[in-house]
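Residue-level listing of the chains:
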Amino acid sequence: MKTNLLYYFIKEEMRLHVSLTNSKNYYSYPFTLICFFAGITLASHYFFSGLNTIKIGEYFISLLFVGGIMSGTFGLFARDFLERRFGDIGRLFQNSLLLPIKLGTIFLTAALSDTFFYIFWFILPVLLGYSIGLAVFALASFDLIYLAISSIFSFTTGLLLSFIFTVIFQRSKFVFTLLTLATVGFCTFLYSKFQTFLFFPFSIFYIEKSFSSFLMSLLLIILFILFAYLSIGREYTTTIRKKETRTSISFQKRLNPYILKDFIDMKRTGDLLAKPLFNVFIPSVLVLLLFLHSSLIDYLNFGILFFSIIIGTLGTQMLNSLISSDSMAYYNHLPISLKDFILPKMKLSLLICFLESLIILFFYSYYTKDFSQMLEAAIITLGLLIYNFALSFYLTGLHPNENIMHSKSFLLYLIYFVPVLTLVTFLNALFPTNLYYLFGFLLTTALMGKLYLTLGIKKWSVRE
Amino acid sequence: MELIKAEGIEKEYEHFKIQNFSLTLSEGKLFGILGPNGSGKSTIIKILTGQILPSKGNIDVLGTNPIRDPIKTKEKIGIIPEQESPPSFLTVTEYLEFIAKVRKLSHAKTKIHHWLDFLELKTEKDSIIKNLSRGTKQKVLFAQAFIHEPKLVFIDEPLVNLDPLVQKKMKSFLQEYVAKGNTILLSTHILSTAEEICDEICILKNGKILFRGSISESKKEKKNLEDFFVELIENEN
Chain E
1 MKTNLLYYFI
11 KEEMRLHVSL
21 TNSKNYYSYP
31 FTLICFFAGI
41 TLASHYFFSG
51 LNTIKIGEYF
61 ISLLFVGGIM
71 SGTFGLFARD
81 FLERRFGDIG
91 RLFQNSLLLP
101 IKLGTIFLTA
111 ALSDTFFYIF
121 WFILPVLLGY
131 SIGLAVFALA
141 SFDLIYLAIS
151 SIFSFTTGLL
161 LSFIFTVIFQ
171 RSKFVFTLLT
181 LATVGFCTFL
191 YSKFQTFLFF
201 PFSIFYIEKS
211 FSSFLMSLLL
221 IILFILFAYL
231 SIGREYTTTI
241 RKKETRTSIS
251 FQKRLNPYIL
261 KDFIDMKRTG
271 DLLAKPLFNV
281 FIPSVLVLLL
291 FLHSSLIDYL
301 NFGILFFSII
311 IGTLGTQMLN
321 SLISSDSMAY
331 YNHLPISLKD
341 FILPKMKLSL
351 LICFLESLII
361 LFFYSYYTKD
371 FSQMLEAAII
381 TLGLLIYNFA
391 LSFYLTGLHP
401 NENIMHSKSF
411 LLYLIYFVPV
421 LTLVTFLNAL
431 FPTNLYYLFG
441 FLLTTALMGK
451 LYLTLGIKKW
461 SVRE
Chain Y
1001 MELIKAEGIE
1011 KEYEHFKIQN
1021 FSLTLSEGKL
1031 FGILGPNGSG
1041 KSTIIKILTG
1051 QILPSKGNID
1061 VLGTNPIRDP
1071 IKTKEKIGII
1081 PEQESPPSFL
1091 TVTEYLEFIA
1101 KVRKLSHAKT
1111 KIHHWLDFLE
1121 LKTEKDSIIK
1131 NLSRGTKQKV
1141 LFAQAFIHEP
1151 KLVFIDEPLV
1161 NLDPLVQKKM
1171 KSFLQEYVAK
1181 GNTILLSTHI
1191 LSTAEEICDE
1201 ICILKNGKIL
1211 FRGSISESKK
1221 EKKNLEDFFV
1231 ELIENEN
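These protein sequence lines map, in sequence, to chains E and Y. Using our numbering, the first residue of the first sequence is number 1, and each one after it goes up by one. Using our numbering, the first residue of the second sequence is number 1001, and each one after it goes up by one.
Read the hints as simulated data drawn from the structure, not as lab findings. Since we're looking at a predicted model, the values are computed, not measured. From the three backbone atoms N, C-alpha and C, an ideal C-beta is built for every residue, glycine too. Do not rely on the hints blindly, as some may be mistaken.
Simulated restraints on C-beta separations [what the hints assert, rightly or not]:
#1 Leu455(E) <-> Glu1002(Y): 33 to 43 Å
#2 Arg254(E) <-> Glu1120(Y): 25 to 35 Å
#3 Asn1131(Y) <-> Ser212(E): 47 to 57 Å
#4 Glu1234(Y) <-> Trp460(E): 23 to 33 Å
#5 Phe31(E) <-> Asp1069(Y): 41 to 51 Å
#6 Asn1131(Y) <-> Lys450(E): 37 to 47 Å
#7 Ser372(E) <-> Asn1131(Y): 46 to 56 Å
#8 Arg1068(Y) <-> Phe439(E): 23 to 33 Å
#9 Leu179(E) <-> Lys1109(Y): 19 to 29 Å
#10 Phe1016(Y) <-> Ser337(E): 25 to 35 Å
#11 Gly1038(Y) <-> Leu411(E): 31 to 41 Å
Some residues of chain E that are not near chain Y, with every Cβ distance over 12 Å (derived) [what the hints assert, rightly or not]:
#12 Met14
#13 Cys35
#14 Trp121
#15 Val175
#16 Phe197
#17 Lys209
#18 Phe214
#19 Pro257
#20 Leu355
#21 Leu398
#22 Pro400
#23 Val420
#24 Asn434
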């Protein structure tokens, strides 16, 4: 029964993706990843004259942990899915309450299906591409097996942790705060002890290749699965329903009604903070911590600009989360155009991400005791956010998380986005802190954003 | 005056197609599209309101073209969709305020108050829509479709989910609304509803009109609409 459920969850996920574009575009995605990462590895070897494969493995494992954290946030909205509070999207997950299956089993199956999906549709193709790239220079080693195992452990741990935290966030803010403080305290303690953030058993397994760390990683995952199961509880759907009525927020003021509606959605689906926190802030801070305490920051010599790029790229998750929840409501009967739907979401996401980026950049500048590049970094973040939001909408429409995992969208995204990142890096090296360059960059990204938005509206307004 | 003029509408799906569908509808009518499940009733409504595109044909709705400019058409009409999926996290009042803002209504507060009162939604006015029953959501959708007093309203399965008391009230309301010179086009497979309130009907099967006429015309051959409908559909098989 349980195996069947997992099988159908995975099958449904595949069907959903295929239905959004076509099977050729979807099934070729892992091959696209293999080719892309093989190419990246070859190019990196050529440009950097030799690769430190151990270091790359460490970064990859850590980044997958952050990726897992971003993927596991469905604890935030799983409750609403289960109760069919959104529109009639008709996923199996939403109907599973009708079946004689325990709630915890349903949730865990969803988490496992997500893990399987990302392992086969992302982690393994990336590693395969990487190993092909290395093989050309006869650099392949048995490390790759360890890297693959550590990567899967890392992603699963991140996903389960994030899932547990988001479920607890929905159930009790008090317990969530306590648990967060305890986790931060525990991590600080471990950091002070080991002087590195690579203290998770899956990182140690990759570095030391010991059986005990393999066992520890596995035990940690089993423990988290158990904890996730317990945190869901038996009556997750009813116990957390606190208020049946709310005080109205009036639409009669001069505020944009679409922005106000999204604001209410954010307020009532995660007390305003959950989406900004789990989609952008926590992943950005984790990447920041990881790179602050590794040699990569010196290796790439990006400094604060690196974080502008990270936030500018991760920020799309905020927009995606606003789109994903609202696109399940039915608006087709109203005189609402696609522009009315998407533009306010972009504005709200932009405001949130920009404020978050200012906080992160401020703390980074404070930490490095160098505020000289903060304005520059903020402007670059803003420009990248505008460009990336519009580009993401143009390429993936109202199904951003699904459509990006298709060969064509993925390749186009790389083709349109990577040159901008390269340009930023070079221009920054040539004209550091030059205000003309910065405002020129902002203007260019705004104009390009406007173009992609116009093209995207034209592209996705097509009716059945 | 003709409010709807559709000619030669065609739309093809995997399992069925609408073939050469034409319809003209003048003001002051309560027109029903009847048919078994999957006959194309909802598809016709979606095409006429610009929600989906026909593969062939011309449409004029209140002087607008729903194929070329669906937003303009939707501004002038009211639609109650078959599925009840208003935004989950707005309260009833907030949703109606949102609609009023989208439709740029004047005196929105008075109109919202009227509809909350008329549909007996006052106790639920501050409830989040996700927590409402299907029937209450249907009431909210009724309010959003009529709040701007459009000359033409499209309703896909109007009374489904509503309790008998509300059904009775809504039937009277629809008849009174039409008596004021407005027009309603509804689709249903509940024949008693159509028999009770419609001035004129058309019966569809597999996207083809099998009959168009008044209720009394349909009753000429049989005692009631149900017998007429069953015979017509079975003869077509």
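The hints, checked one at a time:
Taking the beta carbon of each, Leu455(E) and Glu1002(Y) are about 38 Å apart, inside 33 to 43 Å as hinted. Taking 25 to 35 Å as the suggested C-beta distance range, the pair Arg254(E) and Glu1120(Y) conforms, at roughly 32 Å. Asn1131(Y) and Ser212(E) have their C-beta atoms about 51 Å apart, which keeps the hinted 47 to 57 Å range intact. Checked against the hint of 23 to 33 Å, the pair Glu1234(Y) and Trp460(E) fails, with Cβ atoms roughly 44 Å apart.
Take Phe31(E) and Asp1069(Y): their Cβ atoms lie about 43 Å apart, and the range 41 to 51 Å holds. For the hinted restraint 37 to 47 Å between Asn1131(Y) and Lys450(E), the CB-CB distance of approximately 40 Å keeps it satisfied. The hint said 46 to 56 Å for the Cβ distance between Ser372(E) and Asn1131(Y), and at roughly 53 Å that hint holds. In this structure, Arg1068(Y) and Phe439(E) break the distance hint of 23 to 33 Å, their C-beta atoms being roughly 40 Å apart.
Separation of Leu179(E) from Lys1109(Y) is about 45 Å and departs from the stated range, judged on CB atoms against 19 to 29 Å. Hint check: Phe1016(Y) to Ser337(E), Cβ distance near 30 Å, so the stated range 25 to 35 Å holds. Under the hint 31 to 41 Å, the C-beta atoms of Gly1038(Y) and Leu411(E), about 40 Å apart, fit the expected range. For Met14(E), the condition that its CB be more than 12 Å from all CB atoms of chain Y holds, with the nearest at approximately 20 Å.
At roughly 35 Å, the least C-beta separation between Cys35(E) and chain Y is larger than 12 Å, which holds for a residue marked as non-interface. No beta-carbon of chain Y is positioned within 12 Å of the beta-carbon of Trp121(E); the least distance is around 28 Å. Residue-level check passed: Val175(E) sits 23 Å from the nearest beta carbon of chain Y, beyond 12 Å. Every C-beta of chain Y lies more than 12 Å from that of Phe197(E), the closest at about 37 Å, which supports listing it as non-interface.
For Lys209(E), the non-interface assignment is confirmed: its Cβ lies about 49 Å from the closest Cβ of chain Y, beyond the 12 Å cut-off. Every Cβ of chain Y is farther than 12 Å from the Cβ of Phe214(E); the closest lies at roughly 44 Å, confirming the non-interface assignment. A cut-off of 12 Å between C-beta atoms contradicts the statement that Pro257(E) is not in contact with chain Y; the least separation is 4 Å. Chain Y leaves Leu355(E) outside its interface by the beta-carbon criterion, the shortest separation being 22 Å against a cut-off of 12 Å.
With a minimum CB-CB distance of about 15 Å to chain Y, Leu398(E) clears the 12 Å threshold, and the non-interface call stands. The beta carbon of Pro400(E) is kept farther than 12 Å from every beta carbon of chain Y, the shortest such distance being approximately 19 Å. No beta-carbon of chain Y is positioned within 12 Å of the beta-carbon of Val420(E); the least distance is around 33 Å. Distance check on Asn434(E): its Cβ is at least 44 Å (rounded) from any Cβ of chain Y, clearing the 12 Å threshold; non-interface status holds.
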